[in-house]
Amino acid sequence: MVKTSGLKYRPYLEHFPIAFRSGNRLALGVHTFPVPHRSKTAPGARLKTTGLLFNCFKEERNMTLPINAQNVSIVSIEKIKKLSGENVKLCMQCGTCTAACPMAEEMDFFPRKVMHLSQFGMLNLMQDINTYWKCASCHSCSVRCPRGIDIARVMEALRQLVLRTSQNHIEPSEMPAELIKEMPQIAMVAGFRKLTS
Amino acid sequence: MKISYYPGCTLKLKAKNLELAALASLQEMGIDVEEMDRWNCCGAVYSLTDDDLIHHVGPVRNLVRAKERGADKLVTLCSMCYNTLARANQLMKTDTVKRDTINRFMDDEIDYLGEVEVIHFLTLLEEQVGWDKIREMVKKPLTGLKVAPYYGCTLQRPADVGIEPMGNFTLMTNLLEAIGATVVPFNAADKCCGSYQVLNTAAGDNEAAANVINSAATAGVEALATSCPLCEYNLGKQQDLFLEKGKITAGVPTFYFTQLLAMALGVNPEVCHFEMNDAKAVQLLEAKNLQAAV
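Each protein sequence line maps, in turn, to chains A and B. With the first letter of the first sequence counted as 1, position 52 gets the number 52 in my numbering; the numbers rise by one all the way through. Position in the second sequence (first residue = 1) + 197 = my numbering.
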């Protein structure tokens, strides 16, 4: 069994800096995240944005992000859990979801990173990334997750958290008429349901 | 056994070729299905949020219609309709709390408890006809045509509604072999084509679809067989744009599997509406002497 007090004596756990719960208090951990250039600094988070980052695929600028009670949002964790019905804390960060994702190369953050940020409820770090908007709900990740998490549902929850504030990700009125004429109806029904409020 | 047929919105207009070829084949094989009356949109995607029940009402109402007509099975052709209806059915079967809420909400309808079984057209062919019988009925075998089955996402995922386990493509492989085609396996048969993300990307920038076409071309596939109008759009109709942008090196024509079946069964080619496919599809058929000018 993993004991939080034994964290520093287990070198491999440094690669798994998941907040281990001890009673009601979150154990401290340190994790590095690439921070997108558009991201607003989390209130209370001691972050310095040092440069532009257009695509974490090409260039990663790692920031040290202290994981403590100020940065972690219990409310957001609960929101994601309630909407998705999934327990993101089961995620052990193996990255199978990223490996299986057909859209990963177009994403700002890979699904694994989004799962990790979701574990801490760091919605403010995720508000400007395109990962959950690029998710095509193909369930490639969900069927392969060794922890049985339906990641497509987590992505849906992140989308809905934005859409339910009456924001559209795409504007149907701006779609070219030619495209509407030739596109199958299921594309529009599905797309509007996933990308508009 | 009574089988109801749910066409879905796209099959009546932009994927007419998928439906007409399927119905003509069924007639040729002597299978009787009845199109449901008063069907409505299934919603195209299954609602994934836990607190959102209103979007299940659409698919469940269709299932109620099928139950009212005394159908044991509901057959669909479109992969997205299949997925949405089958998952809604699964929900009504297993989640008693949500089922009660949905049934109470639709108080003008009869209660639905998951009685109807949702099946895909491929399953119907296997159960009601059988591959050996199809092989006997073939009039114009598609000899020499190298086809790959392309399932996409919604036919196989998630596992509890998949028409067969992940990684197996036996249903469509058996069908294609029965109609005389050479089946070429390729490694992107269950990869996503990008689905509705076509709305969210610039024209011709759909990497996921381009990747599928590239793996098919590398494996030596001459034609892809699919059952989803959105896959057909993303893979087939976007190929010229991909070629322009240099995302693919060679095009791979896409067909609906029902078109290939109907052609092999000797159905009038006008019914199959090959002109609605990509222009390359017609060229391929002419090159293979499978179909005179359509």
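It is possible that some hints are incorrect.
Listed next, the in silico DSSO-like pairs over lysine-lysine satisfying Cα-Cα at most 30 Å (straight line) [unchecked claim]:
id, chain 1, residue 1, chain 2, residue 2
1, B, K199, B, K209
2, B, K330, B, K295
3, B, K213, B, K295
4, B, K336, B, K213
5, B, K290, B, K477
6, B, K343, B, K290
7, B, K295, B, K337
8, B, K290, A, K79
9, B, K477, A, K181
10, A, K89, A, K79
11, B, K485, A, K82
12, B, K442, A, K181
13, B, K290, A, K89
14, B, K337, B, K485
15, B, K330, B, K343
16, B, K477, B, K337
17, B, K336, A, K181
18, A, K181, B, K270
19, A, K81, B, K442
20, B, K337, A, K89
21, A, K81, B, K444
22, B, K264, B, K336
23, B, K434, B, K213
24, B, K336, B, K485
25, B, K434, B, K330
26, B, K343, B, K444
27, B, K213, A, K181
28, B, K290, A, K82
29, B, K213, B, K337
30, B, K434, A, K79
31, B, K343, B, K199
32, A, K181, B, K434
33, B, K330, B, K199
What the hints contain is simulated information worked out from the structure, not anything from laboratory work. Predicted, not measured: the structure shown is a model, and the values here were computed from it.
Now the hints, each set against the structure:
For the suggested pair K199 of chain B and K209 of chain B, the alpha carbons sit about 23 Å apart, so the restraint of at most 30 Å is met. Taking the CA atoms of K330 of chain B and K295 of chain B, the gap is about 42 Å. The hint is violated against a cut of 30 Å. Taken as a hint, the K213 of chain B and K295 of chain B pair is broken in the structure, with Cα atoms around 35 Å apart against an allowance of 30 Å. A hinted pair counts as satisfied when its Cα atoms are at most 30 Å apart, and K336 of chain B with K213 of chain B qualifies at roughly 23 Å.
For the hint linking K290 of chain B to K477 of chain B, the alpha-carbon distance of about 44 Å lies beyond 30 Å, and the restraint is violated. A C-alpha spacing of about 41 Å is found between K343 of chain B and K290 of chain B, which places the hinted pair above 30 Å, so the restraint is violated. For the proposed pair K295 of chain B and K337 of chain B, the alpha carbon gap of about 50 Å is over 30 Å, so the pair is violated. With a C-alpha separation of about 27 Å, the suggested pairing of K290 of chain B with K79 of chain A holds against the 30 Å cut-off.
A C-alpha spacing of about 21 Å is found between K477 of chain B and K181 of chain A, which places the hinted pair at or below 30 Å, so the restraint holds. With a C-alpha separation of about 13 Å, the suggested pair K89 of chain A and K79 of chain A falls inside the 30 Å cut-off, and the hint holds. A C-alpha spacing of about 56 Å is found between K485 of chain B and K82 of chain A, which places the hinted pair above 30 Å, so the restraint is violated. Pair hint K442 of chain B plus K181 of chain A holds up; C-alpha atoms about 22 Å apart against a cutoff of 30 Å.
Distance restraint check for K290 of chain B and K89 of chain A: the Cα-Cα separation of roughly 28 Å lies within the 30 Å cut-off, and the hinted pair is therefore satisfied. For the proposed pair K337 of chain B and K485 of chain B, the alpha carbon gap of about 12 Å is at most 30 Å, so the pair holds. For a cut-off of 30 Å, the pair hint linking K330 of chain B to K343 of chain B stands: about 22 Å separates their Cα positions. Among the hinted pairs, K477 of chain B with K337 of chain B is consistent with the structure: their alpha-carbon atoms are about 21 Å apart, no more than 30 Å.
For the hint pairing K336 of chain B with K181 of chain A, the CA-to-CA distance comes to about 37 Å; that exceeds 30 Å, so the pair is violated. Restraint check: the Cα-Cα separation between K181 of chain A and K270 of chain B comes to about 33 Å, which exceeds 30 Å; the hinted pair is violated. A hinted pair counts as satisfied when its Cα atoms are at most 30 Å apart, and K81 of chain A with K442 of chain B does not qualify at roughly 41 Å. Of the supplied pair hints, the one linking K337 of chain B and K89 of chain A is violated, its CA atoms being roughly 57 Å apart against a limit of 30 Å.
The hinted pair formed by K81 of chain A and K444 of chain B fails the criterion: a straight-line CA distance of about 39 Å is larger than 30 Å. At roughly 37 Å between alpha-carbon atoms, K264 of chain B and K336 of chain B are farther apart than 30 Å, so this suggested pair is violated. In summary, the hint linking K434 of chain B to K213 of chain B is supported, as the alpha carbons are separated by about 15 Å, within the 30 Å threshold. In summary, the hint linking K336 of chain B to K485 of chain B is supported, as the alpha carbons are separated by about 16 Å, within the 30 Å threshold.
Between the alpha carbons of K434 of chain B and K330 of chain B the distance comes to roughly 33 Å, so the proposed pair goes past 30 Å and is violated. A hinted pair counts as satisfied when its Cα atoms are at most 30 Å apart, and K343 of chain B with K444 of chain B qualifies at roughly 23 Å. This hinted pair checks out: K213 of chain B and K181 of chain A have alpha carbons roughly 15 Å apart, not beyond 30 Å. For the given pair, K290 of chain B sits about 22 Å from K82 of chain A by alpha-carbon distance, which is consistent with the 30 Å threshold.
Among the hinted pairs, K213 of chain B with K337 of chain B is consistent with the structure: their alpha-carbon atoms are about 23 Å apart, no more than 30 Å. Taken as a hint, the K434 of chain B and K79 of chain A pair is broken in the structure, with Cα atoms around 40 Å apart against an allowance of 30 Å. Under the criterion of a C-alpha separation no larger than 30 Å, the hint pairing K343 of chain B with K199 of chain B is inconsistent with the structure, at around 36 Å. Pair hint K181 of chain A plus K434 of chain B holds up; C-alpha atoms about 13 Å apart against a cutoff of 30 Å.
This hinted pair checks out: K330 of chain B and K199 of chain B have alpha carbons roughly 21 Å apart, not beyond 30 Å.
Violated hints, in rising order: 2, 3, 5, 6, 7, 11, 17, 18, 19, 20, 21, 22, 25, 30 and 31; the structure is consistent with all others.
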